[in-house]
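Those sequence lines, one after another, are chains W and U.
Basically this note's numbering = 1-based index in the first sequence + 3.
Going by this note's numbering, 22 is the number at position 36 of the second sequence; the sequence numbering is gapless.
Everything labelled a hint here was simulated from the structure, so no lab data went into it.
C-beta: ideal position from N, C-alpha, C; glycine also.
Just so you know, not all the hints are guaranteed correct.
Stated by the list, open to error - Non-contacting residues of chain U with respect to chain W, defined by C-beta distances greater than 12 angstroms in every case (computed):
1. H102
2. S109
3. A153
4. A192
5. T196
Said to hold, decoys possible - Partial selection, computed: residues in chain W whose CB lies under 8 angstroms from chain U:
6. K75
7. S76
8. L91
9. T92
10. A142
11. M147
12. G151
13. P157
14. R158
15. V160
Unchecked claim - Some chain U residues flagged as far from chain W (calculated, every beta-carbon gap over 10 angstroms):
16. T0
17. P7
18. E50
19. E64
20. D176
21. N199
22. E212
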Amino acid sequence: MASEGSPRLALSQDGDIARLVLDSPPRNEMDQAFFRDFAALAVTLKELPVRGLVIHGAGRHFSSGADVDALKSGVAGANPALSVETLLTATESFQMVSVLPYPSVAAIGGCCLGSGLELALACRWRVAASNAVLALPEASFDLMPGCGGTVRLPRLVGRGRAVELLLSGRFVAAAEALEIGLVDAVVDRRELLGAARRLVERVAA
Amino acid sequence: MKLLFTPGADGIGTLVLSNPPYNTFDQPCFAERSELEQVLNHPGQKALILRGEGRHFSHGADPEKLREQLRDPGFQHEMDRGKELLALVADAPIPTLALVRGGCLGAGLEVALCCHFRFAASSALFGFPEVELGLVPGFGGPLFLDGVAARRTTVDLLLSGRMIGAAEADALGIVDRVFPAAALDRSAHDFLHGLVGKRTVSQVRAVMETIRNARQLPLAEALRRETELFLQVARGE
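Excised from the complex, chain W in its bound form (with noise of 0.2 angstroms):
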């Protein structure tokens, strides 16, 4: 697990092409670091001098989402290790990476939960390895997502299917996603990359 001081996320530039790495292995957790980051991160990446931007978890998972109890705590103001204003933020930083002026890819490999799926929901394209597992789980833990994934969700998949999705909170495995419209696409986890950036330059083009 990152330290507290470690950042949270890797930005870099290949060719013409971003990539922003969620980089909190195993699980790319995002706490409240992760979230600061990431906001400080937002407004600078409309201006990057790219044609498209992917983004990917660092290791085999996207990222896990937020921690259920970071999350409680933060909610009811104790001591919180995840305050409302952090995820107030975040959805406006969220909403920043579905506006940018470049097609932006979010390339998924195994786990993709909570927080994590509603960053991947706010990319225009989502490509997926095949061990992918996707999922809205708050209903779960008695809560419910707040960071745009309700609302992206039924725009994305229909009024029927995100009813089930976001009340049963049941996880998706990456076939089933491709089937009813959450991903564009699902790969060999070895082409995950190289996939999502050979997607990214095409619309780019």
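On the provided structure of chain W, position chain U as indicated by the hints.
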């Protein structure tokens, strides 16, 4: 047409469209608005099953009555009021599931398409027969069908007026699941229980509101409202 509502002890209620044998709509405004609002907002309820009385879901409007009604200059207003009832169902504050046996035709299909989910018996029949009578669907059918099926399916069914079985309706995305008739009630109930059984009423209503907002509000407003609802739910308010 009568609406018979039975709240469920587990929060899953049932609303029966009752005008047997075919549960036809005698008029477009098939219920009092306040009556339907009360059903959808019944305290403690977390999901609703819509079904027809007896063997059929509904065969839609009664063509004989419709022809008479069309002469009435006030009929357009009646249709608008009927559509408002359908909008109430479409924007229901709890998940709705149409449980379809037998015929589900015309306005009956339009009601089923307003629901979030459609579970059908393998013997169920679906269609928009209006064109055969020199009419077109007038209850939002094209719009609702477009929301669940491909455009070509909408064009096909609305123009041909042909009837399709449950298996084809399933393949075209019009129904979510098909079961042998004997297993239908239980399957629908189990499915809804899986969605809302462990959720609180306020949690269900918050999620349903955000889904409605996603369709009705500008993005920025929908996002802002999501945050408010998130905090309400998380704080147990």
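- Which of the numbered hints are not met once you compare them with the structure shown? Violated: hints 1, 4, 5, 7, 9, 15, 21 and 22.
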